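Engineer: Sequence:
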Amino acid sequence: MTSSNLTSRTAWQGRSWRLRVDSLLLPDGSSVEKGIIEHPGSVVLVPLRDTDNGPEVLMLRQYRLALDSHILELPAGTRGWTEDPLACAQRELREETGFRADNFEDLGCCWPAPGLSNETMTIYLATSLQSDPLPQDSDEIIVVQPVLLKELIGMALDGRLHDAKSIIGILRTDQFLRESI
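Heads up: the sequence shown at position 11 corresponds to 11 in this note's numbering, and the numbers run straight through without jumps.
It is worth saying that the hints were derived from the structure and are not from the lab. All figures in this text were calculated on a predicted structure; none of them were measured in a lab. Glycine included, every Cβ here is placed at the ideal spot set by N, Cα and C. Mixed in with the good hints, there may be bad ones.
Okay, the calculated beta carbon distance ranges per label pair [as the list claims (entries may be wrong)]:
1. 63 with 7: 23 to 29 Å
2. 82 with 180: 17 to 23 Å
3. 179 with 140: 47 to 53 Å
List time: in silico DMTMM-like cross-link candidates among lysine to aspartate or glutamate, alpha-carbon distance up to 20 Å [to be verified]:
4. 165 with 119
5. 165 with 151
6. 165 with 38
7. 165 with 52
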């Protein structure tokens, strides 16, 4: 299906994204309005460290207003409009977990909601972690919760882990580690 854009306007603009409303002319001659979230992109981090029980991931327990619930998720953050994804990843890791990583491995990208946003999430495996905290964002209350990778894989596959970016990051990490052996 193709359509022609008649008009486009910014309906709302926040600090890190904006809502654009487009009026479209459909092939049958009718018109429709569609909302699109314009987003600068984000990063997702899989902070991994070795333990005696196997690889462990520093997950976050964080309140999410849209869900009115605390959820388990990987650290992540929105990039500035011109910010380099790796620079954002390095900053977000320190802000959200209190650690920095000596190594970042790019695990690829994903679109979290292509039906309503142009956001692209870049996923990084972060290893060789060392304590080096930055202040957290004032509007975030985050608890770092280490979880064994093998447990997270099970949670991703059996439905106990619901956050899509975390499921993708965990499964890509597992695949990357299997291929690195």
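Engineer: With reference to the structure, classify each hint as holding or not holding.
Structural biologist: Hints, verified against the model:
1. 63 with 7: 23 to 29 Å: violated (38 Å)
2. 82 with 180: 17 to 23 Å: Violated: the Cβ-Cβ distance is about 33 Å, outside 17 to 23 Å.
3. 179 with 140: 47 to 53 Å: The hint (47 to 53 Å, Cβ to Cβ) is violated, given that residue 179 and residue 140 are roughly 34 Å apart.
4. 165 with 119: holds (12 Å)
5. 165 with 151: OK: residue 165 and residue 151 at ~17 Å, within 20 Å.
6. 165 with 38: Holds, at roughly 18 Å.
7. 165 with 52: Given that 20 Å is the threshold and the Cα spacing comes to 27 Å, the pair is violated.
Comparing the model with each earlier hint shows violations of hints 1, 2, 3 and 7; every other hint is respected.
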